[in-house]
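There are 2 protein chains.
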Amino acid sequence: MARKDPRDVRRVTNIGAGPIGGGWSAHFLARGYDVVTYLHDAAEEGPLRQLVETAWVSLEALGLAEGASLENLHCTTDLAAACADADFVQESVPENLALKQALYEMLGELVPAEVVIASSTSGLSMTNIQARCSTPERTVVAHPFNPPYLLPLVEMIGGERTAPETVAWAADFYRLVGKAPLVMERELPGFIATRLQEALWREALHMVANGEATVEQIDLAVATGPGPRWAVMGPCMAFHVASGEGGMAHNLDHFGPALKLPWTRLEAPELTPELRQRMVDGCAREAAGRDFAVLAEARDRALASVLRAVQESRAEND
Amino acid sequence: MARKDPRDVRRVTNIGAGPIGGGWSAHFLARGYDVVTYLHDAAEEGPLRQLVETAWVSLEALGLAEGASLENLHCTTDLAAACADADFVQESVPENLALKQALYEMLGELVPAEVVIASSTSGLSMTNIQARCSTPERTVVAHPFNPPYLLPLVEMIGGERTAPETVAWAADFYRLVGKAPLVMERELPGFIATRLQEALWREALHMVANGEATVEQIDLAVATGPGPRWAVMGPCMAFHVASGEGGMAHNLDHFGPALKLPWTRLEAPELTPELRQRMVDGCAREAAGRDFAVLAEARDRALASVLRAVQESRAEND
Numbered sequence: 005m006a007r008k009d010p011r012d013v014r015r016v017t018n019i020g021a022g023p024i025g026g027g028w029s030a031h032f033l034a035r036g037y038d039v040v041t042y043l044h045d046a047a048e049e050g051p052l053r054q055l056v057e058t059a060w061v062s063l064e065a066l067g068l069a070e071g072a073s074l075e076n077l078h079c080t081t082d083l084a085a086a087c088a089d090a091d092f093v094q095e096s097v098p099e100n101l102a103l104k105q106a107l108y109e110m111l112g113e114l115v116p117a118e119v120v121i122a123s124s125t126s127g128l129s130m131t132n133i134q135a136r137c138s139t140p141e142r143t144v145v146a147h148p149f150n151p152p153y154l155l156p157l158v159e160m161i162g163g164e165r166t167a168p169e170t171v172a173w174a175a176d177f178y179r180l181v182g183k184a185p186l187v188m189e190r191e192l193p194g195f196i197a198t199r200l201q202e203a204l205w206r207e208a209l210h211m212v213a214n215g216e217a218t219v220e221q222i223d224l225a226v227a228t229g230p231g232p233r234w235a236v237m238g239p240c241m242a243f244h245v246a247s248g249e250g251g252m253a254h255n256l257d258h259f260g261p262a263l264k265l266p267w268t269r270l271e272a273p274e275l276t277p278e279l280r281q282r283m284v285d286g287c288a289r290e291a292a293g294r295d296f297a298v299l300a301e302a303r304d305r306a307l308a309s310v311l312r313a314v315q316e317s318r319a320e321n322d
Numbered sequence: 005m006a007r008k009d010p011r012d013v014r015r016v017t018n019i020g021a022g023p024i025g026g027g028w029s030a031h032f033l034a035r036g037y038d039v040v041t042y043l044h045d046a047a048e049e050g051p052l053r054q055l056v057e058t059a060w061v062s063l064e065a066l067g068l069a070e071g072a073s074l075e076n077l078h079c080t081t082d083l084a085a086a087c088a089d090a091d092f093v094q095e096s097v098p099e100n101l102a103l104k105q106a107l108y109e110m111l112g113e114l115v116p117a118e119v120v121i122a123s124s125t126s127g128l129s130m131t132n133i134q135a136r137c138s139t140p141e142r143t144v145v146a147h148p149f150n151p152p153y154l155l156p157l158v159e160m161i162g163g164e165r166t167a168p169e170t171v172a173w174a175a176d177f178y179r180l181v182g183k184a185p186l187v188m189e190r191e192l193p194g195f196i197a198t199r200l201q202e203a204l205w206r207e208a209l210h211m212v213a214n215g216e217a218t219v220e221q222i223d224l225a226v227a228t229g230p231g232p233r234w235a236v237m238g239p240c241m242a243f244h245v246a247s248g249e250g251g252m253a254h255n256l257d258h259f260g261p262a263l264k265l266p267w268t269r270l271e272a273p274e275l276t277p278e279l280r281q282r283m284v285d286g287c288a289r290e291a292a293g294r295d296f297a298v299l300a301e302a303r304d305r306a307l308a309s310v311l312r313a314v315q316e317s318r319a320e321n322d
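Protein chains in written order, with my numbering: chain A, 5 to 322; chain C, 5 to 322.
No lab work stands behind these hints: they were computed from the structure.
It cannot be assumed that every hint is accurate.
Each pair may be met inside one copy or between any two copies, as identical chains are not told apart.
Listed next, the in silico SDA-like pairs over lysine to any residue satisfying Cα-Cα at most 25 Å (straight line) [what the hints assert, rightly or not]:
#1 Lys8 / Pro23
#2 Lys264 / Val181
#3 Lys264 / Gly215
#4 Lys264 / Arg190
#5 Lys8 / Asp257
#6 Lys264 / Asn214
#7 Lys264 / Ala88
#8 Lys8 / Ala302
#9 Lys264 / Arg280
#10 Lys264 / Val97
#11 Lys8 / Leu180
#12 Lys8 / Gly22
Everything numeric in this text was worked out from a predicted model, so none of it was measured.
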């Protein structure tokens with residue numbers, strides 16, 4: 005059977021009702037879909053509906069799709085029923101490989117063969133998850149950031165037996181529902197965003213363990229320093245724009261020696277001419293011809309809006 | 005002579021007219037101060053005024069203080085004249101210890117003895133910078149994040165010969181001018197925010213060097229994933245709130261084993277009972293009695309505002 009066009013998806017099945025599965029349920033409801041959420045236990049329905057209602061406040065503020073309604077949420081503890089009419093399946097069960105393998109073995113039979121099954125796993129590889137699935141070609145990793153109903157990132161990668169068109173279809177679908185799919189070229193422990201986040205997190209844990217900084221100091225440092233900048237642009241472009249006319253090339257030439265300093269416990273790679281060139285070329289592609297003045301103005305405008313948004317929310321919450 | 009009350013400061017002297025010194029000039033102008041900026045070379049005046057005018061657009065959007073005007077910016081290449089009537093000095097010359105030591109030897113004589121001199125240094129220690137200064141007790145590190153006219157963070161630490169009341173006075177002054185001073189307990193290479201940022205940055209460089217991710221993927225991952233969350237709250241509270249009712253304790257108990265996984269090249273410290281307790285206690289202090297539901301709602305509201313701010317700025321820039 006041919007796969008539906010992503011625009012023709014009507015019914016999304018979520019498997020799992022924790023913070024991630026529940027968060028996805030809220031997201032798809034807000035985008036106007038019929039949502040079926042499979043519960044491992046009927047007792048999960050109350051907390052799930054609570055989570056979705058809490059999320060709804062922000063989702064309404066951001067703007068709901070036409071036809072979006074909390075009434076389109078259907079819960080069931082019958083896995084076969086949850087899967088029978090799905091146009092798309094998002095799986096968010098606990099991070100346990102044996103559990104996921106057993107589940108994908110069942111999903112392989114229960115979910116119509118042309119329907120894509122995406123896993124929210126944050127650390128397992130699809131090659132392993134799909135090992136016992138009879139229809140692995142339509143399975144793919146699609147890892148969101150918490151809360152999935154607000155943060156746009158979805159990191160995507162197939163397993164060894166995933167068909168490339170599955171990844172492409174799912175990326176199109178996520179884009180259509182307002183997400184930012186990041187399609188990786190290879191399976192990598194922690195994917196990309198978690199690796200970056202984890203490096204910062206482990207340095208933070210070291211600092212607290214050694215009495216170099218408190219929890220409060222770490223949170224203040226990030227939220228009033230690099231944090232707002234990273235909401236506006238990633239770390240590479242942030243340094244590119246902070247370095248004036250010279251951009252990333254100037255940054256690396258000027259701060260290259262600082263890569264040897266004990267500014268974190270993580271040792272830097274050798275700044276080879278190849279690495280320097282990749283960084284410079286990548287920033288040039290992102291800048292797409294915009295010069296320093298244009299980029300700095302755009303950054304400032306976005307940053308001022310972000311800082312005002314945070315301030316106003318804080319005032320509201322107090 | 006007694007030190008002025010921070011509220012009675014009228015004239016701020018900036019030494020250095022690069023992105024940081026110029027950024028500070030813009031910030032103090034926007035807060036209504038008379039600003040004298042010392043230029044190493046008269047030719048720096050044009051670029052400095054350009055930088056300040058660009059910054060002014062965002063500063064106006066955020067709201068200027070009463071009396072704030074670009075006409076209050078005075079430039080000079082005469083260091084003695086720049087220092088004579090200063091109520092506060094912000095030093096932002098290049099990161100070269102010999103240069104700073106020679107400068108602080110001069111400033112020790114030129115700046116009235118009761119006036120605080122703060123260094124924007126991002127990596128040098130005040131103990132070293134103040135080595136040849138005859139009045140080291142009024143010198144302190146005050147490291148901003150770029151752009152200094154928008155990002156609130158100022159990391160502060162005295163040198164061995166800095167008087168504690170100097171640090172306290174400067175922290176009060178920065179708070180008064182809308183900054184978020186972070187007073188450190190000890191001199192630490194890279195201070196706090198740069199250490200955290202540098203860990204993420206070095207992991208990013210490793211990934212690009214090894215062909216695991218492109219510059220564009222890294223920027224997309226941060227700006228659509230952890231970035232917006234870090235604009236709203238630091239990494240500790242972000243995990244505390246993401247972990248539901250169980251908070252940081254649940255996070256560490258649940259993800260503790262993941263600290264051993266190769267999710268970044270930085271090895272984590274041992275998760276000892278003491279470290280676990282410090283993390284849990286720190287988050288409890290920050291939560292200040294607010295439970296999960298309240299914190300999650302506040303986070304969502306702030307996050308939705310931040311995401312909308314970024315989206316709207318992007319639309320304007322396109």
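Inset, instruction - Classify it for me, Lys8 with Gly22: is the Cα-Cα distance of at most 25 Å met within a copy, between copies, both or neither? - result: The answer is neither: 28 Å in one copy and 56 Å across copies each exceed 25 Å.
Legend entry - Homo-oligomer pair classification [Leu180, Lys8; C-alpha up to 25 Å]: within (14 Å within a copy, 59 Å between copies)
Inset, instruction - Up to 25 Å between alpha-carbons, please classify Lys8 paired with Ala302: within, between, both or neither. - result: neither (39 Å within a copy, 39 Å between copies)
Legend entry - Within, between, both or neither: Lys8, Asp257 at alpha-carbon 25 Å: For Lys8 and Asp257, the Cα distance exceeds 25 Å both inside one copy (51 Å) and across copies (42 Å).
Inset, instruction - Using 25 Å as the alpha carbon limit, work out where Lys8 and Pro23 are close: within a copy, between copies, both or neither. - result: neither (29 Å within a copy, 53 Å between copies)
Inset, instruction - Could you figure out if Lys264 and Val97 sit no more than 25 Å apart (CA to CA) within one copy, between two copies, both or neither? - result: between (42 Å within a copy, 22 Å between copies)
Legend entry - Homo-oligomer pair classification [Asn214, Lys264; C-alpha up to 25 Å]: Both, since 21 Å and 19 Å are each at most 25 Å.
Inset, instruction - Give the relationship of Lys264 and Arg280 under a CA distance limit of 25 Å: within one copy only, between copies only, both, or neither. - result: within (15 Å within a copy, 30 Å between copies)
Inset, instruction - Give the relationship of Lys264 and Val181 under a CA distance limit of 25 Å: within one copy only, between copies only, both, or neither. - result: Neither: 43 Å inside a chain and 35 Å across chains, both beyond 25 Å.
Inset, instruction - Pop the pair Lys264 and Ala88 into one bin, within, between, both or neither, using alpha-carbon distances up to 25 Å. - result: Neither. Shortest intra-copy (57 Å) and inter-copy (39 Å) distances fail the 25 Å Cα cut-off.
Legend entry - Same-copy or cross-copy closeness of Lys264 to Arg190 [CA-CA at most 25 Å]: Between copies, since 21 Å is at most 25 Å while 29 Å is not.
Inset, instruction - Could you figure out if Lys264 and Gly215 sit no more than 25 Å apart (CA to CA) within one copy, between two copies, both or neither? - result: both (23 Å within a copy, 22 Å between copies)
When the structure is compared with the earlier hints, violations turn up for hints 1, 2, 5, 7, 8, 12 and for no others.
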